[in-house]
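Here's the letter readout for the chains.
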Amino acid sequence: MKKTLAVMACCVGAAIATLSSASAAREGAGSAAATPGVTKSSIVIGGTFPLSGPVSGYAPIARGMEAYFNYVNNRKGPDGKTGIRGRKIVWKYYDDAYNPANTVQLTNKLVLEDKVFAIVGTLGTEDNQAIRPFLNERKIPQLFVSTGASYWGLQYKQFPWTIGWQPDYIAEGRAYGQWIAKNSPNAKIAVFYQNDDYGKDYLRGVKIGLGAKKSLIVSELSYEVTDTSYASQIARQKASGADTWVLLTTAGTPTVRAIATAKALNWKPNTLVINSVAATDAVMAAVVDRVGADFVSGAISSAYLKNVSNPKYANDPAVKQYRALLAKYGPSGADSNNGFYYYGVAKAYDTAKVLFNAGKNPTRASLMRAALNMNWTNPYAIKGVKDKTTRSDHFPLSQIKLARYTNGTFTEFGPLIKGR
Amino acid sequence: MIARAALIALRLLPVAVTVVLVVLIGQRAGEFRLDEFTYVAIYFAALLGLNMLTGYNGQISLGHGAFMCIGAYVAAVAVLGRPGLALYGHHPPDWLPVGDGMRPVFTIPLAFVLTGAVGFLFGIPALRLAGVSLALATFAMAVSLPAIAKKFENVTGGGGGVNLPLPHTPFGWDISTKRWLYYEAWGVAAVLFVLSWLLVRGRVGRAWRAIRDREVAATASGVSPAVYKTLAFAVSSAFAGAAGALLAIQVSYVNPDTFPISLSVLLLASVVIGGLGSLSGALFGALLYEFLPIYAQEPPLVHFAFGKQAPAVVFGVLLILIMYALPGGFAGAIRRMFAPLTRFLRERQNTREPILEPARRGEA
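Chains as they are written, first to last, in this note's numbering: chain G, 1 to 420; chain C, 421 to 784.
If you're looking for bench data, these hints aren't it; they were derived computationally from the structure.
Each computed DSSO-like pair below joins lysine-lysine, with the alpha-carbon atoms no more than 27 Å apart: (1) 200(G) with 571(C); (2) 571(C) with 238(G); (3) 207(G) with 571(C).
Bound conformation, chain G alone:
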C-alpha cells in the first residue's frame, strides 16, 4: 500500500504545480465600467435578517421593507416615473438565523453573486460588525443597519461606508438618566441589564444621563440571554431597597420574565423604566397578562416612530397609508399592529429617498454622499423628528421622546430630546 500513498502524493503535487502557474493570470479581470447592481431597469439591494431561530421575531422588518419597495415600484415618484427614476428596486434578503458566520457568507453571496448595489438594513449588532470591514474594504455602502449600537455613527472615520439609522442606545439611556435625575432626585435606582454590548451601551447612557447623581444607583445586575431564571438577581435588587427599576432587556421573554419574577417576589418599585426595544405594546400586553395592569401602568420608555397600535394614531395619514400598503404589498395575513413591519416601512422610506437622491446614474459613492446629506422628515416618525445627516454626523435619526404606558399603550410626552 506504500505505492498507493506515493501515487496520491504525485496527484496532489502535480495539481499544485499546475494551479500555481495557471491561475495567477486571470486575477483582476472583469469590466470596471458599470456600477454593480444598477441596470437601466433595476437597482438590486439586499440584506440579511433572522428569519428563523430564536430572534425571528424581527423577521417582519425585512418583509415591511419588501412591502414598501413593492409599493415604490408601482407608484409614480417625484419625477413621474415608477420605482427609482424608472428603475425597479430588487430587494434580496436571506436568513442568517442571527449567526454572524452565516451573515458573512450570505453577504458574500449578495455582493459576489447577486451583485447588489448596496447592503441595507442587515439586522444585529454582531452580525453587522462581522461584515463591516469586508464591505468597507470593497467600498460597498452598508446602509441603515438595524441596530442601535453607537459605533455605527461614531466610527465613521475608520468605516466611511457604514451608517446607522435609529437613535443609538447610549442616547436613549441618557434620556432615562436625565429624566430620573430631574423627576426623582432622591431615587434609589436598580438597573437590570442584558450582559452584552447592547445592554452595556444602555447602561453607559443611563450613567451619563444621571451625571453627578450616578450614586443614586444602588444595584446594578445583569443576566445572560441563555439564563432561564433571574430570581437570584432580582431578589438582590429587591433587597437593595431600590424604588426605581430600570430594565435594559430585549423584547419578548427577558422582559416578561424579569417583570413576572419581580411580581412573584412581591417587589413593586414605584417607578419602572423600560428601554424602547424591549417595551413594545405587544410585549407589554404579555406582561399585563402575567402581572396585571397595575404593575406596569405608568412605566416610562421612549419612542422615535409613531406607535402604530396607539389609538391616537388611528387617523394619522402616514399610519393609514402604511396599513394600506402593507395590506396590498405585504405578506398575506401580516398584522399591521406589529411595530416591526412599521419599522421596516419607515426604514425603506429613507432608503428609497437616498436611492433617488443618489442621482440619475447612481454610483456607490453618490449613494453614500446622498446618505450623508439627509435633511427631511420621515412621515412615519413622531412629529418633529428629523432625518438629518452631514459629513460629520452619521446618525440619521437621533431625536426621541419619552413615552408613558397607560391604558394598554405607550403615548409619548414631553419635549423632543436630542440624542446627539
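Based on these hints, arrange chain C on the given structure of chain G.
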C-alpha cells in the same frame, strides 16, 4: 496482479476525481463559487474528524461545534495577539501566552494541537460514558462553551466578539485573497485526509473498528479501549479545531453566536447523511452542509410556499428520506453501486493471494 492494480485504481479513483475537481474549481470558479467551496473544505475537515470518532469508533458526539469553537478562538486570539485585543479594550491576564499576533495560516496547526489536547482531556472522563450518555456529555459542552467564551471577555471579546484583520494573500504570492483562502482550506483538508486515511487503514483504525463492533472481543484480543477511545477523541477534536481555525480566518469574525448548538447537531446529521465509516462520506456531508441551507432558501426548481422557513424543513425531510433510502449514506450507496465490480476483482485476486478482506468494510 492485474486484479490488484485494478482494485487500487478503483480506490484511488474518487481521490483523483476530487483532486482534479478541486484544482479545476480553484482555477475556473469566480469569487463566490470559490467562497462556497472554501466552506466545503472547512466542513470536510471537521466531518473527517467526526467520522473517525462516530463512524469508525462508534462514539457519538453532539459537541463538535464546541471543538470548532475552541479552534476558532485559538486562531482569533493568536492572530490578534495582545496588541490586537488591546484595540478592543481587552487585556488578557499576563500569565496567558497570547503573543503579539501571528500570521493566520500558522494558527491552524496551533489550533489543531491545542484543540486536540482539550479533546484528549475531555476523552478521559468520556471513556466512562457510552452511547447516549456520552452524546449528552458532549452536548452539554456544546451548550456551555459559548457561555464560557462570553464570561472570559478579556481573552475572547465576550458577546460582542472580535474581528480578525481581513485575510490577505501572504508571502507576496500573486493570487487573489479568495483564491488563497480556497487553496489554504483545501490544502489543510488534504493533509487531514491523508492523515485520517493513514490512521484508519492501519492498526489504529482496526482497533477503532474492533471496539465499535464488539468492545469485549476487542479487549480480549489485547486492544485497550481506554487508549484507543481517548485517541479517537483527541484526533477528532484536533480536526475540528483546525476546521474552526479555518472558519475564523474565512469569516474573519468570531463571537459565541457563531457556534450555536445547531452547528453540532447539523455536523452529526451531515456525517450520517454522507456515510458513516467512510472517508468520502465526509465529503458528501460537507457538500450537503454547505449547499443545502443556501439553496433551500431559494430552491432552484420548485418554489416552496413556506418560503424562507424552508431550509430546516428541507434538511429534515432529506435526512429522513436518505436514512430510509440509503442506510449507508451517500458513500454507502456509491460503494454498493461499485460492489459487483469490487467483488469480482477481489475474487480474482483472492484466488492467488488470500487476504483477510472482510474487515475492510470501513474504507472507501
